[in-house]
Amino acid sequence: MPTPTLSPTLPPSTHEFADIIHRLEAGGSMLPDSPENLKQIIGIYKAYAVPMDFYWRDLLYIAERVFLNPLPAFKYFISKDYLDRPNAYAGEAGSPRVWRGEDDAHPELREFIAQGEAGRKLPRIMHHLWHGRINMEFAEACMQSMYWHEDINPRFNAYLDSDDYKANADKAIRAYFKGNPAMLGLYKLFPEVFLEKVKQLSYYSNLGLFWEVMAPVFFEMSDLYDEGKLTTVPEAMDFLVNGIFAVAGRPIYHQVFIKGECYEIIPKSEGFTWLYEAALPYVEAIFYRTAPFRGTKSYNAQANEVPRDQADFHYGILYADLFPVGSAGIPPTLLMQDMMHFLPDYLVEMYQANSRGEDDILNQVGVTFQRSMYNVTSAVIQALRTALCYPLDDPNPRHLQANRDFFEMQIDRFKRPEARLRDIQKTSYL
Amino acid sequence: MLSTLIWLPLLGAIPIALFAQTAKQSRNIALAFSGAAMLWTVWIFSQFDLASGGLQMQEFVSWLPVLGLNYDLAVDGLSLMMIFLNSLLTWIAIYSSSSDIERHRLFYPLILVVSGGVAGAFLAQNLLLFFLLFELELVPLYLLVAIWGGPKRAYAATKFLLYTAIAGALILASFLGAVWLGDSFDFSYQQVLQNQLPLVSQVILLALLLVGFGIKIPLVPFHTWLPDTYVAASPPVAILLGGVLAKLGTYGLLRFGMGLFPDAWALLSPYLAVWATVSVLYGSVTAIAQKDIKRMVAYSSVGHMGYVMLGAAAFTPLSMVGAISQMVSHGLILALLFHLVGLVEDKVGTRQLDQLNGLMNPTRGLPLVSALLVLSGMASAGIPGLVGFITEFLVFQGSYIVFPVATIVSVIGTGLTAVYFVILINRTCFGRLDSQKAYYGKVSLTEHLPAFVLAALVVVLGLRPGWLVQWSEVTSASLVAALPEVEQVQLAWQEETSKENISFARQVPLDIALGE
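Here the protein sequences come in this chain order: W and V.
Position one of the first sequence corresponds to residue 1 (my numbering), numbered consecutively onward.
Position one of the second sequence corresponds to residue 1001 (my numbering), numbered consecutively onward.
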């Protein structure tokens, strides 16, 4: 592991995590650079990208096609159109072409949809009931988290409350329920309920569009690693940083297709962008905050076990105790379950060699995922530093101090006892 | 035929001591010989005549007739149950011992010597032979605790040695008295049974036996060696100590205390019932206060052996069957508990209740061990459907007619058993596993195997208690039949103690000195 080079013009940091601050200042990641860590994070990126390829497609399918279906029993049974839908960042037509692979659904995803856990072709409903499916519960939990922590996406939320948005939504709702007096009557009685549902569907679209970018990024990283072109953790982080800037200005929008007609609920012309209206709120909502997941621990809000202020929520992947993962039905467990189906062989072998073998594979996948998300967060911090502060090799000591202040401010959030930053520094954290 | 059970383990000790190169080899040889002994036990079961209450399959070789010592073996319903327990638990103790144990060429032979010696003691029909074999297990066990034990093993082993040596001396004194006061030098059990000793002599000799075997069982207040020794002993040795060796004490009381001194037994039975009840309550209440699981199980053992004593004190046919079955049931449950505690200690590194938590966790805890721990706790607490229930119920059902108050108080003891097992299970298995510390090794199927075997017996014999009690029913009935009515003995006692100028304490040495 290369030793982080200290800036010659600044004294050593006195921060609790001084080593990590110095590493960030040297262009590194919060995750220590080691072949083992690289193997873990790249392996899990690939395993994450396959279900993510389904998540974004289904999120857009729900936002654009299922829409306000009062009985959306089959919303996870994605249509062929959406499985074939070209990813805007992959394939020959991808612009920018992030992944050199095909732009439709990943082959492993298609195979899993066809074969499920049973390993043979069955009607899709059978696979679904037999848990041979991609679990959308995690994706929906992420969407809800982004929607609920409304303070982190002020411009987007302000638009959701605007008259323009209401008018667009109203148009789409009326078109969707045309010829359905019962639903139209309900809409007349409780318009806010329907509007609220549409707002949520806008977040489905927001998250779907965010992940449409991330899936090919992760596929490409996995391919580069396999080709020997990604050899260090900082290189992996830099790839993410570059990717963030490459797609930062891509539009975030929400459109609905009703009877062949497209209704623009959030038009692209509103200027919502991938970085500011999707990526940064996503990181804050999912990596840092989320919400205490039901089923893992009982929280007593009256005893102040849950913070009063949403900004103080720290239940995200960077803080999560992944130990309870394994309880049936909770979203993080279902994500681990999804990733488990697509692990590269080298990760499976690594897990098998650990103390409990494959018995606790969901926990081990969770911990690996946590490491990889610290690397993604590092990329976000470096990208923000690039946007808000100064280059790392800036000769001006005041600028370097500003960079350090920025890094320290970011790392301050991991001083909390439940933060796993300390843990991921150790290889023994499994 | 019965000799095989003694000599097979002893023979097995020789190749291990001389030829075994690795611990694995030693273990495999020990498993082979103990397994063969177990199969032989099964064969003995198949040959056993259920209708006969007397001794069967007798073997006799004249050894030292001048001393009255002969190689005299036989089996009845009582000893049959004990040799079953011994064979099974020896195999399980060997199986559950670590495959890379140090000084394996000594460890396994010692276990086999203990097993052979104990089998011989259960089968011996000569008082001196019993005593010799009873003493034979003392030194190997001392070494097993002192060499392979945990912290404080030297202290525990020495304490065990001292207590058991004193117990041996008292037992020998009682045996000598029983033979010599009968004007005989033949230590054959059947011969000694013919001796008609005065009631006062019987009471004194029984008292010696009660203290001697009371130490071995142990009963309060002779129990203080037990928690220290159980805690210091490694799990396989603890299985042998609690599962089999403790039964030498109860077996001795039933065979010799009750058999040789029936009048005194009948006379003292109300006091024995009180003593049993005190043991039950003391063991249970003390167990509640423990923080170390092994120590808790050790005190629970004191309580559970009290039930055996209660059943024997009541000496109704039902309570006797209950007492004998309780010995087997306790042996199985205790072995199961010690094996599981050994697994917990091996994987987690502690037995302390205030450090253990959340072992039921399905992915990183010890879920199957926890489930079996719950099962064994339920069995020990006498939950219906498990073997502990049926044996305790037999004791209570049988003893209630004779000692209702002692029985009811003992029933409260089972409630207390449930209390400490709930504490144990709640603190050990439930709660949240600490993710910072807990990444325990996987418990393999082979490590679970002894627990599966024992748990299966606990459940099957709980559901079909007939398969357990049928072997000892006739023997129990014949043991009870040999005992007189309590009132009759009490009258005799009053008569004897009111006779003028009879000072037994003075008379006995005089008689012996004169050789009369």
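Certain hints may be false.
[What the hints assert, rightly or not] Below are the DSSO-like pairs computed for lysine-lysine, each with C-alpha atoms no more than 30 Å apart in a straight line:
#: 1; chain 1: V; residue 1: 1347; chain 2: V; residue 2: 1437
#: 2; chain 1: W; residue 1: 259; chain 2: W; residue 2: 199
#: 3; chain 1: W; residue 1: 80; chain 2: W; residue 2: 229
#: 4; chain 1: V; residue 1: 1152; chain 2: W; residue 2: 39
#: 5; chain 1: W; residue 1: 197; chain 2: W; residue 2: 178
#: 6; chain 1: V; residue 1: 1024; chain 2: W; residue 2: 426
#: 7; chain 1: W; residue 1: 199; chain 2: W; residue 2: 178
#: 8; chain 1: V; residue 1: 1291; chain 2: W; residue 2: 426
#: 9; chain 1: W; residue 1: 39; chain 2: V; residue 2: 1442
#: 10; chain 1: W; residue 1: 415; chain 2: V; residue 2: 1437
#: 11; chain 1: W; residue 1: 426; chain 2: V; residue 2: 1159
[Unchecked claim] Over 10 Å on every C-beta distance to chain W, these chain V residues come out as not near it, computed from the model:
#: 12; residue: 1132
#: 13; residue: 1361
#: 14; residue: 1440
Hints were generated in silico from the structure; no laboratory data involved.
Glycine included, C-beta positions come from ideal geometry on N, C-alpha and C.
Which hints from the list above does the structure break, by number from lowest to highest?
Hints 3, 4, 6, 8, 11, 13, 14 not satisfied by this model.
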